[in-house]
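There are 4 protein chains.
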Amino acid sequence: MSQSSFGKKFTVTTWGESHGKALGAVIDGCPAGLPLCENDIQKALDRRKPGQSRYTTARKEGDRVEILSGVFEGKTTGTPISLIVFNQDQRSRDYGNIACSYRPGHADYTFDAKYGFRDYRGGGRSSGRETIGRVAAGAIASKILSEIGVSFLTYTKSIGPVTAEHFDPDEISRNPFYMPDAEAGKAAGEYLETCMKNQDSAGGVIECRVQGVPAGLGDPVFGKLDALLAQAMMSIGAVKAVEIGDGTAVSQMKGSQDNDGFCQKDGRIQKLSNHAGGIMGGISDGEEIVIRVHVKPTPSISQPQNTVTCKGEEIALEIHGRHDPVIVPRAVVVVESMAALVLTDALFSNMSARMDHIRRFYRETE
Amino acid sequence: MSQSSFGKKFTVTTWGESHGKALGAVIDGCPAGLPLCENDIQKALDRRKPGQSRYTTARKEGDRVEILSGVFEGKTTGTPISLIVFNQDQRSRDYGNIACSYRPGHADYTFDAKYGFRDYRGGGRSSGRETIGRVAAGAIASKILSEIGVSFLTYTKSIGPVTAEHFDPDEISRNPFYMPDAEAGKAAGEYLETCMKNQDSAGGVIECRVQGVPAGLGDPVFGKLDALLAQAMMSIGAVKAVEIGDGTAVSQMKGSQDNDGFCQKDGRIQKLSNHAGGIMGGISDGEEIVIRVHVKPTPSISQPQNTVTCKGEEIALEIHGRHDPVIVPRAVVVVESMAALVLTDALFSNMSARMDHIRRFYRETE
Amino acid sequence: MSQSSFGKKFTVTTWGESHGKALGAVIDGCPAGLPLCENDIQKALDRRKPGQSRYTTARKEGDRVEILSGVFEGKTTGTPISLIVFNQDQRSRDYGNIACSYRPGHADYTFDAKYGFRDYRGGGRSSGRETIGRVAAGAIASKILSEIGVSFLTYTKSIGPVTAEHFDPDEISRNPFYMPDAEAGKAAGEYLETCMKNQDSAGGVIECRVQGVPAGLGDPVFGKLDALLAQAMMSIGAVKAVEIGDGTAVSQMKGSQDNDGFCQKDGRIQKLSNHAGGIMGGISDGEEIVIRVHVKPTPSISQPQNTVTCKGEEIALEIHGRHDPVIVPRAVVVVESMAALVLTDALFSNMSARMDHIRRFYRETE
Amino acid sequence: MSQSSFGKKFTVTTWGESHGKALGAVIDGCPAGLPLCENDIQKALDRRKPGQSRYTTARKEGDRVEILSGVFEGKTTGTPISLIVFNQDQRSRDYGNIACSYRPGHADYTFDAKYGFRDYRGGGRSSGRETIGRVAAGAIASKILSEIGVSFLTYTKSIGPVTAEHFDPDEISRNPFYMPDAEAGKAAGEYLETCMKNQDSAGGVIECRVQGVPAGLGDPVFGKLDALLAQAMMSIGAVKAVEIGDGTAVSQMKGSQDNDGFCQKDGRIQKLSNHAGGIMGGISDGEEIVIRVHVKPTPSISQPQNTVTCKGEEIALEIHGRHDPVIVPRAVVVVESMAALVLTDALFSNMSARMDHIRRFYRETE
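Protein chains in written order, with numbering that gives the first Met the number 0: chain A, 0 to 365; chain B, 0 to 365; chain C, 0 to 365; chain D, 0 to 365.
Hints should not be assumed to be uniformly reliable.
Stated by the list, open to error - Sample of chain D residues with no beta-carbon within 10 Å of chain B, all distances over it, derived:
id : residue
1  : Lys48
2  : Thr78
3  : Glu146
4  : Asn174
5  : Lys185
6  : Gln210
7  : Gly215
8  : Lys253
9  : Asn273
10 : Ile357
11 : Tyr361
To be verified - 20 Å max Cα-Cα, derived SDA-like pairs, lysine to any residue:
id : chain 1 : residue 1 : chain 2 : residue 2
12 : D       : Lys20     : A       : Lys196
13 : C       : Lys59     : C       : Asp45
14 : D       : Lys310    : C       : Pro213
15 : C       : Lys253    : D       : Lys7
16 : D       : Lys264    : C       : Gly311
17 : A       : Lys20     : D       : Phe85
18 : C       : Lys253    : D       : Glu37
19 : C       : Lys20     : B       : Arg63
20 : D       : Lys253    : C       : Lys59
21 : D       : Lys310    : A       : Thr308
22 : D       : Lys253    : C       : Arg63
23 : A       : Lys264    : B       : Asp355
24 : A       : Lys20     : D       : Lys264
25 : C       : Lys310    : D       : Lys142
26 : A       : Lys196    : B       : Arg63
27 : B       : Lys48     : B       : Glu60
28 : D       : Lys74     : A       : Asp111
29 : B       : Lys20     : C       : Gly320
30 : C       : Lys310    : D       : Arg53
31 : D       : Lys74     : A       : Glu365
32 : B       : Lys264    : A       : Lys264
33 : B       : Lys20     : C       : Gly311
34 : C       : Lys7      : D       : Leu271
35 : C       : Lys310    : D       : Leu271
36 : C       : Lys74     : B       : Phe116
37 : B       : Lys253    : A       : Asn305
38 : A       : Lys74     : D       : Lys253
39 : B       : Lys264    : A       : Thr308
40 : D       : Lys142    : B       : Thr56
No lab work stands behind these hints, which were simulated from the structure alone.
Glycine is no exception: its CB is placed at the ideal position from the N, C-alpha and C atoms.
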C-alpha cells in the first residue's frame with residue numbers, strides 16, 4: 000500500500016518517478032469557478048526548477064506543466080484536475096553504478112526492504128522530483144487561499160551554520176537561497192563553496208509564515224491544524240524536524256513566558272504575543288501562523304562512503320552525477336505548497352462546523 | 000467537522016470531555032484472536048492517572064477502564080472494541096470563573112471562534128483528559144506490537160533547563176518524572192518547586208525509542224512513517240515541535256556527518272550509525288526508531304495574566320484550581336501510545352506491499 | 000480490519016454486540032449549536048424497539064439511549080457525540096445450541112471463516128441489534144436535515160406477496176407493519192400468521208421517499224448520491240437489492256419513456272416526471288428522492304434445516320428462541336436512518352463545491 | 000468536493016472529460032512485483048471501445064492506454080501507477096446545440112445546479128467516457144485477483160424485453176451484445192433495430208459472476224462486501240438498481256426457501272444452494288458471487304423532447320450526433336472492472352483480520 004493522496008476535502012494524489020516518462024498530480028475537490036491557467040501553476044514550479052544557480056543540480060528540466068482536465072473556459076469545473084510534467088533530461092547512465100548498492104542517507108535500502116526491488120534510476124519515487132506534483136497542486140491551493148485573503152512568506156532561515164539575522168522580505172527573491180538577509184545570503188554562498196570543494200553538502204532551516212488565516216481552522220483532535228502541518232512537512236523528503244511557533248524553545252520556557260495574553264484592539268480580540276505561532280488547541284487563532292522545518296544535508300556526496308551492495312558486499316561508494324549541494328532553496332516552495340494544501344483542506348472542512356452557518360448557507364444558495 | 004479518528008486500518012475514535020459523564024475510545028480494525036483483558040489497558044492508564052505525585056493535579060480520578068464490546072472469552076473478535084472511563088471528580092465549580100474569559104495558552108478562544116460557544120468545564124474536549132482514549136487504544140496497539148517483537152522505551156529527556164545526561168532504563172520508573180537519570184530527576188524536582196512557589200509552570204522534552212520494528216513499515220509519500228508520527232505527536236495538546244533521529248541538529252550537519260553508512264553484520268545488512276532515527280525515505284530501516292517531542296509549559300498558572308472576557312473586556316485573570324505544574328511526566332505514556340498507534344497501522348498497511356507476500360498469504364490461509 | 004465508520008464529514012462509528020454489555024455509536028463531525036436531547040434520539044429508537052407487536056421478537060429491551068459527550072447546555076458542541084444503549088435481556092442460554100453449528104442464512108460460517116472464531120451469543124455483531132447505533136446516529140442526522148427543510152416518508156411497501164396498493168400516509172403509523180394501506184396491513188398480518196404456523200418467515204420491500212432535498216447534493220463519480228445510498232442500504236443486514244427511482248423497471252423501458260423532461264414552473268426549473276427518483280448523474284435534482292430496498296425473510300426459523308457443525312458434521316438444526324417472523328417493519332426506521340446519514344454527509348460535502356459560495360461564506364463569518 | 004477516488008487500500012483515482020485532452024487513472028496501493036504491461040490493460044479497454052458494431056456510437060477512438068509511472072522492468076514497483084488515454088475524435092461541434100439546454104435523462108441540470116456551470120462538451124465528466132479510468136484500473140485489479148485464482152464471467156442478461164434464457168459461456172464473445180445465448184442475441188439485435196428506427200433507445204441487465212473468491216472477504220458493518228459492490232455498481236452512470244444473489248426475489252420468498260443450508264463435501268464445508276449470491280453477513284462465503292445491475296436506456300434520443308434552456312425557456316429538443324442506442328454491451332466490462340476493484344480492496348483489507356495470520360506473516364517475511 001502506498002499513500003499518495005493528501006487531504007480529505009481538497010485531495011491531491013501525486014505520481015511519477017525521477018526518470019519515468021512524466022510526473023503529475025490529480026487534484027480532487029477543487030471548487031468550481033476558480034479562474035485557473037497553466038501559468039498560475041508554472042510560476043510555482045519555476046521556483047523549484049533545477050538549474051537556476053550554480054548551487055543546484057545541472058539537470059536540465061523545463062518542468063512545463065500541462066492541464067489535462069478539470070478546467071473549462073478558463074475556470075475550474077469542480078471535477079478532478081489532472082496535471083502533468085514530462086521528464087526531459089533523464090540521463091539514466093548517471094545512475095548506473097548505484098543500481099545494486101545502497102547509497103547512505105537515501106531510501107534505496109528501505110525501498111528494497113519493503114517492495115523487494117526498486118526503480119533505481121535517480122532514486123525513482125523517492126527522488127526530490129516527486130515534489131513537482133505537490134508544488135503544482137499547492138499552486139492551486141494558494142490561489143484559492145489568496146481569494147479569501149491568505150498570503151505566504153516563505154524563506155530560508157539558515158544554511159548550515161549561517162542564519163539570517165535580519166528580515167527584509169524584498170531580499171528573499173534577490174539571492175539564490177531565498178534568504179531574507181543579503182549578508183547571510185553571501186555568507187551562505189561562501190559556506191557552500193567550501194562544502195562543494197570538500198565534496199560535501201549542507202542542510203538548513205526553512206520558515207513559513209502565513210498571514211490572513213481566519214480564526215477557527217483545524218479539526219481537533221487528530222486533524223488539528225498543527226498536526227496536519229506536521230504531517231505535511233515531515234512527508235517532504237529530508238525534513239527531520241518540524242516546529243510550530245516557538246517550537247523547541249517552549250520546553251525551556253515557563254508558563255508566564257510562553258502564554259499569549261489577549262487584548263481588545265481595533266474592535267476585535269487579538270493576542271498580545273504569538274509564541275503559539277497562530278494555533279491554539281489545534282485551531283487557528285487569527286494571528287500569523289509560523290512553521291519551521293529542519294532539512295538535512297543532501298545525502299548524495301561524491302566523497303567515498305562505506306556501504307554495501309544489494310548482496311551485502313561491503314564497498315566504498317562514490318556518488319557522481321548531478322546533485323544539489325544543498326536542497327533547502329528549492330524546498331522553500333515545497334514547504335509553502337504543503338502548508339497551502341493543509342490550509343485549503345482545513346478551510347473547506349471548517350464550513351460545516353456550525354449549525355447556524357449551515358442553515359444560512361443553504362438559505363442563501365437556494 | 001471534528002476529526003476524532005486516527006489510523007486507516009487500525010482506527011481509533013476517541014470521545015469525551017473533562018467534565019462530561021465519561022470518556023472513551025472505539026478501536027476499529029483490531030485483529031481477532033488477541034488475548035485482551037481490562038488490566039492490559041489499565042496498566043497504561045495508570046501511567047497517566049493524576050494524583051501520583053505532588054507534581055500532578057490533585058484531582059482524584061481512578062480512571063478505571065471498562066471493555067464494552069469486541070472481546071469474547073478473553074480474546075478480541077475482530078469487531079469494534081468500545082472502551083469507557085467514567086469521570087468521577089468533576090468539581091465544576093473550580094472552573095466557574097473561566098466560563099466567560101479566555102485563558103492565555105488555552106484553546107478557549109479558538110473553540111469559541113470555531114464553534115460559536117464551548118463546554119468551558121475544565122477545558123471540555125481540549126482538556127488533557129482527552130488523552131485517556133488515546134492511551135487506552137495505545138495499550139491495545141502496544142500489545143499487538145509486542146507479539147511481533149516491538150518494544151518501547153519512553154522517558155522524560157528534560158524538564159525546563161534540566162536534562163537527563165545519563166541513561167539508566169531502570170531509573171525511569173523510580174522517579175516521578177520518568178527520567179532515566181536519578182540526579183536529573185532530583186534537580187527537576189527542585190526546579191519545579193521553584194516554579195510552583197512562583198505560581199509558574201514548566202515544559203520539557205519526551206523521547207521515545209522503539210526497538211524491533213521490522214524494516215519496511217511506512218507508506219510514501221504522504222503516509223511516510225515519520226510523517227504520520229509527526230501528525231500523531233503534534234496532535235497531542237501542548238506539543239510544539241517533533242524531531243526524528245538527529246532532528247533539528249541535521250540542519251547544521253554536513254552530508255558526510257549525517258549519512259548513515261551500511262555494513263554487513265551477523266548475516267544481515269545493518270547501519271553503521273543511526274542519525275536518521277530508524278526511518279529512511281519514510282520507511283523503517285530496521286534500526287531503533289527515535290522520536291523527540293517538545294512540550295510547552297502548563298498554561299494554567301495562578302499568577303495574574305492579561306486577557307479578555309468573551310465580550311472583549313480586558314481583565315487580569317488568576318487561574319486557581321487543580322493543575323499540574325508540568326504535564327511532561329504524564330504525557331510520556333501518551334507519546335508512547337501515539338507511536339504505537341502509528342506503528343500498528345503501518346504494520347497492517349504493509350502486508351499488501353508485495354505481490355509475492357499476498358500470494359503466499361492466501362495460499363496458506365486457504 | 001473491520002469497517003464500522005460511515006460518512007466522510009458527518010461520520011458515524013457504531014459498536015456493540017447482541018449480547019454484550021451495551022451498544023452504541025460515536026458521531027463525529029456534528030456541527031455545533033444543534034439543539035439535542037436524549038428524547039430526540041429515543042423517538043427513533045422506539046420505532047425499531049422489539050416487543051411492539053406479536054410480529055416481533057419477545058425479547059424485552061427498553062433500548063434507552065444515553066448521551067455521554069458532545070452536548071452541553073442542550074446543544075451540540077461540535078465535538079464527538081457518544082451514545083450508549085445498555086443491553087438488558089440477554090438470555091444467552093437461548094443461543095447455547097448454536098454455538099458450534101452454522102445457522103443457514105446467518106453470518107455464523109463467514110465470521111468463523113474470516114476471524115477464526117465468533118461471539119455466537121445472539122449473532123454477536125451480525126445481529127440486528129447492531130442497527131441501534133445506526134438509528135441513534137440517524138436521528139441526529141434527521142434533525143439536522145429537518146432544519147434545512149428535508150423530511151422523510153418511509154414505509155413498508157410489501158410483505159411477502161402482499162403489496163400496499165393505496166397510499167395513505169396517516170395509515171403508516173396505525174398498523175404494526177408501517178404500511179400506508181390499511182387493507183394491505185390486514186392481509187400482511189394474515190400472511191404472517193400462516194408463516195408462523197408453518198414455522199417459517201417472510202421478507203418484504205421498504206420504500207423511502209425524501210422531500211425537500213436541495214438540488215446539488217452528491218459527489219461524482221464514486222461519491223454519487225445514489226452510490227452512497229446503495230452502499231448504505233446494502234450494508235443493512237438482510238437487504239439483497241437496492242433500487243433508485245424506477246429501479247429495476249428501467250431495464251425494460253425505452254429512452255422516450257424513462258427520460259424526465261424539464262419545464263419552468265412557479266419561477267423555477269422542475270421536472271415533468273420523476274423516473275430518476277430525484278437523482279441525475281449522481282446529484283440530487285431537487286425532486287423527491289425515491290429508494291427501495293428488498294429485505295430477505297428472517298433466516299431464523301424453527302423448522303429443521305440441513306447444516307453442519309463447526310467441525311463439519313452434518314446435522315438437522317432447529318432454531319428456537321425469540322425471533323421476528325419478519326424484520327421488515329423494524330427495519331423501516333433503519334432504512335430512513337441510513338438515508339439521513341448519507342444526505343447529511345452530502346449536505347456538508349457540497350458546501351465547498353463552488354468558489355463563489357466559499358468566498359461568500361468566509362466574508363460573512365468574518 | 001468531488002469524490003474521484005475509490006478503495007481504501009487499492010485506491011483508484013480517475014479523471015478526465017469526454018472532450019478534454021485525455022482521460023486517465025492513478026492506481027495507488029498496487030503491490031510491487033506484479034508483471035504488468037500496457038497490453039494487459041488494453042485488452043480490457045478494447046471491450047468498451049466504441050465503434051465495434053452498428054449498435055455503438057460512431058465516434059472513432061483508439062483508446063490506446065499508456066503507462067506513465069509505477070512500472071519498472073515489466074513489474075509494478077509499489078508506487079502509484081498513472082495511466083493515460085488521449086482523446087482523439089472530439090467533434091465538439093456535435094454538441095454545440097446542447098450547451099445551453101438541459102437534456103432529459105442527463106446530468107446537465109444537476110451539474111449546473113451544483114457547480115454553477117459545466118463543461119457541456121459531450122457531457123463533460125458525466126460522459127460514459129469517464130469509465131475508461133475505471134476499466135483501466137480494473138484490468139490491473141483483475142490481474143491481481145487472477146493470481147490468487149479469482150475469475151469473472153460477466154455478460155448481458157437482457158436487453159429491453161429480450162432475456163438470455165440459455166447460458167453458453169462461449170457465446171458471450173460471439174455476439175455484439177455479450178449475451179450468453181445466441182438466439183437471444185439475435186432477438187436483441189432485432190429489438191434494437193426497431194428502437195433505432197423509432198429514434199429511441201433501450202436498457203438492459205448485466206450479470207457478473209465471480210468464481211474462486213476466498214471465504215472471508217468483506218468488512219462489516221459498513222464495508223460489507225455487498226455494500227461496497229452496491230456502491231461500486233450504482234456509481235456507474237445509468238445504473239438504477241443492484242441485486243446480490245436472488246436480489247429482489249427474496250422479498251417474496253420464505254425463510255425455508257431462501258436459506259442456504261450447509262454440507263460437508265470434498266473435505267470442506269460447502270453450501271447446498273446459493274440464494275445469497277456468495278455473501279453472508281457482508282462476508283464472502285466461498286461460493287460464486289452473483290451481482291446483477293439494471294441499466295437504463297440511453298438518454299440521448301433524437302426524437303423531440305420537452306425541456307428547458309439554462310434560462311428556463313421551454314423548448315422541444317432533438318439530440319443528434321453519435322450515440323449508442325443501448326449502452327449495456329459496452330458497460331459489461333465496466334461492471335466487471337468495478338467488481339474487481341472492490342474485491343481487490345477487500346482482499347488486501349482482509350490480511351490483517353486475524354492475529355495469528357499477522358504473526359505468521361511477519362515471522363515469514365523477516
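How the hints compare with the structure:
At roughly 28 Å, the least C-beta separation between Lys48 (chain D) and chain B is larger than 10 Å, which holds for a residue marked as non-interface. Distance check on Thr78 (chain D): its Cβ comes as close as 7 Å (rounded) to a Cβ of chain B, failing to clear the 10 Å threshold; non-interface status is violated. Not every CB of chain B is more than 10 Å from the CB of Glu146 (chain D) (nearest about 6 Å), against its label as outside the interface. Residue-level check passed: Asn174 (chain D) sits 35 Å from the nearest beta carbon of chain B, beyond 10 Å.
Interface exclusion of Lys185 (chain D) from chain B stands, the closest Cβ pair being 42 Å apart, more than 10 Å. Distance check on Gln210 (chain D): its Cβ is at least 15 Å (rounded) from any Cβ of chain B, clearing the 10 Å threshold; non-interface status holds. Consistency note on Gly215 (chain D): stated as away from chain B, yet its beta-carbon is not over 10 Å from all of that chain's, at 8 Å minimum. Every beta carbon of chain B lies more than 10 Å from that of Lys253 (chain D), the smallest distance being close to 30 Å; the non-interface claim holds.
Distance check for Asn273 (chain D) against chain B: the nearest CB is about 20 Å away, which clears 10 Å, and the non-interface claim stands. Against chain B, the non-interface label of Ile357 (chain D) is violated: not every CB pair exceeds 10 Å, the least being about 6 Å. Distance check on Tyr361 (chain D): its Cβ comes as close as 5 Å (rounded) to a Cβ of chain B, failing to clear the 10 Å threshold; non-interface status is violated. Between Lys20 (chain D) and Lys196 (chain A) the CA atoms are separated by roughly 48 Å; this puts the pair beyond 20 Å, and the hint is violated.
At most 20 Å may separate the alpha-carbon atoms for a hinted pair to count; Lys59 (chain C) and Asp45 (chain C) meet this at roughly 12 Å. Between the alpha carbons of Lys310 (chain D) and Pro213 (chain C) the distance comes to roughly 19 Å, so the proposed pair stays at or under 20 Å and holds. A hinted pair counts as satisfied when its Cα atoms are at most 20 Å apart, and Lys253 (chain C) with Lys7 (chain D) does not qualify at roughly 37 Å. Straight-line distance between C-alpha atoms of Lys264 (chain D) and Gly311 (chain C) comes to about 9 Å, which keeps the hinted pair within the 20 Å bound.
Our distance criterion of 20 Å between C-alpha atoms is met by Lys20 (chain A) and Phe85 (chain D), whose separation comes to about 15 Å. Restraint check for Lys253 (chain C) and Glu37 (chain D): not satisfied, since their Cα atoms lie roughly 38 Å apart, outside the 20 Å limit. Restraint check: the Cα-Cα separation between Lys20 (chain C) and Arg63 (chain B) comes to about 16 Å, which is no more than 20 Å; the hinted pair holds. Taken as a hint, the Lys253 (chain D) and Lys59 (chain C) pair is broken in the structure, with Cα atoms around 26 Å apart against an allowance of 20 Å.
With a C-alpha separation of about 69 Å, the suggested pairing of Lys310 (chain D) with Thr308 (chain A) is violated against the 20 Å cut-off. Proximity of Lys253 (chain D) to Arg63 (chain C) is assessed by CA-CA distance (about 33 Å); at most 20 Å being required, the pair is judged violated. At roughly 64 Å between alpha-carbon atoms, Lys264 (chain A) and Asp355 (chain B) are farther apart than 20 Å, so this suggested pair is violated. Taken as a hint, the Lys20 (chain A) and Lys264 (chain D) pair is broken in the structure, with Cα atoms around 53 Å apart against an allowance of 20 Å.
For the hint pairing Lys310 (chain C) with Lys142 (chain D), the CA-to-CA distance comes to about 35 Å; that exceeds 20 Å, so the pair is violated. About 63 Å separates the Cα atoms of Lys196 (chain A) and Arg63 (chain B), which puts this hinted pair outside 20 Å; it is violated. At most 20 Å may separate the alpha-carbon atoms for a hinted pair to count; Lys48 (chain B) and Glu60 (chain B) meet this at roughly 7 Å. For the hint linking Lys74 (chain D) to Asp111 (chain A), the alpha-carbon distance of about 14 Å falls within 20 Å, and the restraint holds.
For the suggested pair Lys20 (chain B) and Gly320 (chain C), the alpha carbons sit about 36 Å apart, so the restraint of at most 20 Å is broken. Our distance criterion of 20 Å between C-alpha atoms is broken by Lys310 (chain C) and Arg53 (chain D), whose separation comes to about 57 Å. The straight-line distance between the Cα atoms of Lys74 (chain D) and Glu365 (chain A) is roughly 52 Å, outside the 20 Å bound, and the hint therefore fails. As the CA atoms of Lys264 (chain B) and Lys264 (chain A) are separated by approximately 65 Å, the hinted pair breaks the 20 Å bound.
Between Lys20 (chain B) and Gly311 (chain C) the alpha-carbon distance is near 48 Å, which puts this suggested pair outside the 20 Å criterion. Taking the CA atoms of Lys7 (chain C) and Leu271 (chain D), the gap is about 40 Å. The hint is violated against a cut of 20 Å. For the proposed pair Lys310 (chain C) and Leu271 (chain D), the alpha carbon gap of about 17 Å is at most 20 Å, so the pair holds. The suggested pairing of Lys74 (chain C) with Phe116 (chain B) holds, with an alpha-carbon distance near 10 Å, which does not exceed 20 Å.
For the given pair, Lys253 (chain B) sits about 16 Å from Asn305 (chain A) by alpha-carbon distance, which is consistent with the 20 Å threshold. For the hint linking Lys74 (chain A) to Lys253 (chain D), the alpha-carbon distance of about 56 Å lies beyond 20 Å, and the restraint is violated. Distance hint between Lys264 (chain B) and Thr308 (chain A) is fulfilled; the C-alpha atoms sit about 13 Å from each other, no more than 20 Å. A C-alpha spacing of about 59 Å is found between Lys142 (chain D) and Thr56 (chain B), which places the hinted pair above 20 Å, so the restraint is violated.
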